[in-house]
Structure formats: structure tokens, C-alpha cells
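Participant: Residues per chain are reported as follows:
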Amino acid sequence: MGYIDFLSNHGGRLLDGAIITAEQTVMAILVALFLAVTMGLMRLSSNLLIRGAATVYIEIFRGTSLLVQLFWIFFVLPLFGITLDKFTAGFLTVGMNLGAYGAEVVRGAIISVPRGQYEAAIALNMSAYTRMRRIIFPQAIAIMLPAWGNLFIELLKGTALVALIAVTDLMFQAKQINSSTFLSVESFGTALVIYYVMARFIITPTMRRLEAVMSRHLVRN
Amino acid sequence: MFDWKWDFTLQILPRLIEATGNTLMAAGIGYGIALIVGLVFTLAQKTPYRALTFIVRETVEFIRSTPLVLQIFFIFYVGPQFGIRLSPWVSGMIAIGLHYAAYLSEVYRGALDAVDKGQWEACVALNCSPRRTYFGIILPQAVPAALPGMGNYLVGIFKDTPMLSVIGVAELLHTANALGAETYRFLEPYTMVGLIFLAISLPTAAGLRIIEAWTRRKMGLTRED
Numbered sequence: 000m001g002y003i004d005f006l007s008n009h010g011g012r013l014l015d016g017a018i019i020t021a022e023q024t025v026m027a028i029l030v031a032l033f034l035a036v037t038m039g040l041m042r043l044s045s046n047l048l049i050r051g052a053a054t055v056y057i058e059i060f061r062g063t064s065l066l067v068q069l070f071w072i073f074f075v076l077p078l079f080g081i082t083l084d085k086f087t088a089g090f091l092t093v094g095m096n097l098g099a100y101g102a103e104v105v106r107g108a109i110i111s112v113p114r115g116q117y118e119a120a121i122a123l124n125m126s127a128y129t130r131m132r133r134i135i136f137p138q139a140i141a142i143m144l145p146a147w148g149n150l151f152i153e154l155l156k157g158t159a160l161v162a163l164i165a166v167t168d169l170m171f172q173a174k175q176i177n178s179s180t181f182l183s184v185e186s187f188g189t190a191l192v193i194y195y196v197m198a199r200f201i202i203t204p205t206m207r208r209l210e211a212v213m214s215r216h217l218v219r220n
Numbered sequence: 000m001f002d003w004k005w006d007f008t009l010q011i012l013p014r015l016i017e018a019t020g021n022t023l024m025a026a027g028i029g030y031g032i033a034l035i036v037g038l039v040f041t042l043a044q045k046t047p048y049r050a051l052t053f054i055v056r057e058t059v060e061f062i063r064s065t066p067l068v069l070q071i072f073f074i075f076y077v078g079p080q081f082g083i084r085l086s087p088w089v090s091g092m093i094a095i096g097l098h099y100a101a102y103l104s105e106v107y108r109g110a111l112d113a114v115d116k117g118q119w120e121a122c123v124a125l126n127c128s129p130r131r132t133y134f135g136i137i138l139p140q141a142v143p144a145a146l147p148g149m150g151n152y153l154v155g156i157f158k159d160t161p162m163l164s165v166i167g168v169a170e171l172l173h174t175a176n177a178l179g180a181e182t183y184r185f186l187e188p189y190t191m192v193g194l195i196f197l198a199i200s201l202p203t204a205a206g207l208r209i210i211e212a213w214t215r216r217k218m219g220l221t222r223e224d
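Order-wise, the sequence lines are chains C and X. If you read the first sequence in numbering that gives the first Met the number 0, its first letter stands for residue 0, the second for the next number, and so on. If you read the second sequence in numbering that gives the first Met the number 0, its first letter stands for residue 0, the second for the next number, and so on.
One or more hints might be untrue.
Listed below are several chain X residues computed to face chain C (Cβ distance under 7 Å; list not exhaustive) [stated by the list, open to error]:
1) PHE72
2) TYR76
3) LEU125
4) ASN126
5) MET162
6) LEU186
7) SER200
Derived by calculation from the structure, the hints in this document are not laboratory data. Just so it is clear, CB atoms sit at the ideal spot from N, CA and C, and this is done for glycine as well.
All chains, please: the whole structure from these sequences, using the hints.
Facilitator: So this is what it looks like as C-alpha cells:
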């Protein structure tokens with residue numbers, strides 16, 4: 000009975016929080032994908048400057064903590080005249096952090112496309128752009144998809160930190176409910192279960208489906 | 000650079016260095032717990048008891064799919080509800096240790112599965128005891144496969160220690176927050192924390208690559224293909 004009461008009193012707020020978490024996750028995924036592809040390709044550039052810029056970005060974001068990055072972007076960046084609202088700062092930081100990990104995944108996938116595919120594309124006189132777009136990248140996507148599945152779960156977990164800059168996500172709501180009711184098991188426990196459901200029953204199956212679609216697509220062409 | 004004050008930076012440096020000690024200690028203790036509990040998780044999944052395997056497997060999945068910061072809060076606040084009061088350090092170490100134990104158990108599992116099946120069969124054929132099979136034959140061969148993952152999570156746990164600041168463990172970020180609150184200056188404390196993290200994690204990652212390469216060579220596993 001106790002837990003049902005808890006849910007009827009506070010379930011709505013947890014659900015509101017879960018929706019914010021979902022929004023943060025989707026936005027952060029878009030940022031991460033964009034940066035990962037851009038930086039991953041830049042890392043493979045023959046131009047030292049372009050390669051160096053991507054390496055600096057990747058090493059900085061992989062070498063420090065997400066939470067430190069979040070605080071830096073939210074509290075220090077305004078001193079340089081760049082003020083972001085907390086929602087934007089939240090998903091942007093999470094996206095940039097996971098984008099750095101993703102860049103290495105993209106780079107790894109591209110270099111593991113068999114050498115013969117490059118040579119065949121060159122032999123067919125494809126331009127570098129067409130070669131990447133039509134031949135190399137689609138195969139690289141199939142290689143990198145499983146790794147992205149893990150990264151998206153890491154990203155979802157990373158969004159819990161935006162609660163610490165007062166974005167009213169699931170983590171934030173759980174904390175608020177805990178401090179007003181002292182029902183820690185119920186509030187934090189329910190939030191844990193919601194995160195688990197999001198990771199295990201939304202992200203993982205979606206990625207599995209994508210992998211299946213992708214491998215079918217590659218075989219057909 | 001902009002409003003950067005060097006004298007202030009020098010003034011806060013001793014406190015940040017002291018906090019770095021705490022951060023390293025938290026990472027070290029957490030990693031120690033994770034190494035051992037992770038092995039327990041892995042071996043529990045190798046037992047013939049289906050129910051145990053299932054429970055451990057699901058627990059590992061659950062820990063891996065939920066945010067560490069929420070787990071830290073959970074462990075810290077749940078105790079008092081049942082009359083058990085855990086200090087921030089103890090609950091922090093339990094949370095981070097368990098979290099990384101789940102990750103490390105996957106690393107161990109993958110490494111054990113990577114050992115050639117013939118090695119297990121040879122052990123059975125030679126009538127080796129389970130103890131000799133594991134410690135004499137299988138584990139030494141699994142180590143090179145496990146090292147890269149173990150190294151990544153060593154750096155990973157170090158980078159996750161700032162989350163302990165949320166329950167008041169006086170590590171680097173917690174100290175930077177306190178310095179910011181005392182002085183209303185956030186630029187230097189947060190930037191220095193970022194730089195300290197870089198200064199430790201980049202060389203550590205590089206060092207780990209060297210150890211991996213060395214172990215693989217020692218084990219005669221380097222392949223030229």
C-alpha cells in the first residue's frame with residue numbers, strides 16, 4: 000500500500016522528470032553524433048592542423064570528467080561572455096563529452112573497412128567524397144553500431160548529472176522528492192528503475208533493430 | 000587570459016593538491032573493491048547454479064544501465080531510512096566500487112571467453128583441479144586480453160570520482176566548489192581541476208598502453224598481421 004501511495008503522490012513528478020531526461024538524451028545524441036562524425040573524419044585528415052584540432056578536442060573531453068566539464072561550461076563560460084541556459088548547457092556538455100568517445104568509434108570503424116573497398120572505389124574513379132559517402136561510410140556504420148549502443152547508454156546515464164546544474168530531470172526530481180519525504184528507497188529506487196527501463200527496453204532494442212536493418216541493407220546493395 | 004589571476008591560482012593550489020590526494024585515494028580504493036567484487040561477479044556467473052547466474056547477470060546489467068550518481072545517492076540515503084548511517088566516504092566507495100565491479104566483471108568474462116577452448120579441454124584431460132585450471136592455466140592467459148579493459152576502467156573510475164562530491168567527499172571538485180563559494184571566483188578553481196585531471200589521466204592512459212604492449216610481448220601474443 001505504501002508504495003502505491005508514493006506513486007500516486009509523486010509518480011507525476013518522476014514522469015515529468017523522465018520526459019526531461021528523454022529530451023536531454025535525444026538532444027545530446029544529436030550533438031554527439033554530429034561531433035563524432037565530424038571529429039572522427041577530421042582525425043583521419045592528412046592535414047596536420049585539422050587532425051591536431053580534432054585530437055585536442057578528443058583528448059580534452061576524454062581526459063577530464065563529465066561533471067567537471069559541465070560545471071566549467073555552466074559556471075566559467077559565462078565569464079568569457081558565453082552564457083547558456085541550464086537546459087542547453089546540459090545536453091551540449093553531455094553531447095560533447097560522448098561525441099569525443101564517439102569520434103574514436105567513428106575513426107576506428109572507418110579504418111577497419113577493408114582496404115580493398117578503398118582501392119576498388121579509387122579504381123572506379125570515384126571522387127574522395129563519393130567514395131566516403133557511397134562506399135566507406137555505410138560499411139563503417141554497420142561496424143560501429145554495436146559500440147554506439149553502449150555509448151548511448153553511457154550518454155543516458157551522463158544526463159543524470161545535469162540535475163546538478165538544476166535541470167529538472169529525473170535525477171533532480173528524485174532528489175527533490177527524497178528531501179521532502181525522506182523516502183529514499185522509493186524515490187531513488189523508482190528513478191533507478193526508470194533509467195534501467197529506458198536503457199534496457201528502449202535504447203538497447205532500438206539499436207538491435209537498427210543493426211538488423213543496417214546489415215540487411217548492406218547485403219541487398 | 001581574460002580575468003585569470005595567477006596569485007589567486009597559486010594561493011588555491013595547495014588545497015587543490017591536497018584534494019588531488021583524496022581523489023587518487025578514492026579512485027584507488029574504489030578500483031581495489033571493483034577488481035575483487037568484479038571477479039566475484041564473473042566467477043558467480045561461471046557456476047552451474049542457474050538461479051545464481053541469472054541473479055548476478057541481471058544485477059550486473061542493472062548496475063551498468065543506471066547512472067552512478069544516482070547509485071551514490073541511493074546508497075548514501077537509503078541506510079539512514081533503516082537506521083544504518085554510512086559516512087560519505089564509505090557509501091561513496093561502496094557505490095563506485097560496485098559500479099565498476101559490474102564493468103570489470105564484463106571485462107573478465109570477455110577475457111575468460113577469449114581463452115582457447117582447447118586449453119579448458121586439456122585441463123580436463125590432464126585431470127587438473129579447478130584451482131590449478133584457473134590459476135595455473137586459464138587466468139594467466141586471460142590477463143593480456145583483460146588488460147586494455149581494466150586500464151580503461153582505471154582511468155574511468157578516476158574521472159568519475161567528482162560525482163562523490165554530491166554527498167560531500169572532499170575530493171577535487173568538492174574543493175573547487177568550496178573555493179568558488181568562498182571567493183566567488185570559479186574560473187581558476189574549475190579550470191585547475193580540469194587541468195589536474197588532464198595531467199593525470201593522459202599520462203596514465205599512455206602508460207597503460209605501454210604496459211599492455213609489454214605484457215603482450217612477454218606472453219608471446221604479438222602478432223604481425
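Participant: If a hint holds in the structure, say so; if it doesn't, say that too.
Facilitator: Do the hints match the structure? See the list:
1. PHE72: holds (6 Å)
2. TYR76: holds (4 Å)
3. LEU125: The hint is violated - LEU125 (chain X) has no Cβ within 7 Å of chain C, the shortest such distance being about 37 Å.
4. ASN126: violated (40 Å)
5. MET162: Where the cut-off is 7 Å and the nearest Cβ of chain C is about 6 Å from MET162 (chain X), the hint holds.
6. LEU186: Status holds, d = 5 Å.
7. SER200: holds (5 Å)
Hints 3 and 4 from the list above are not met by this structure, while the remaining hints are.
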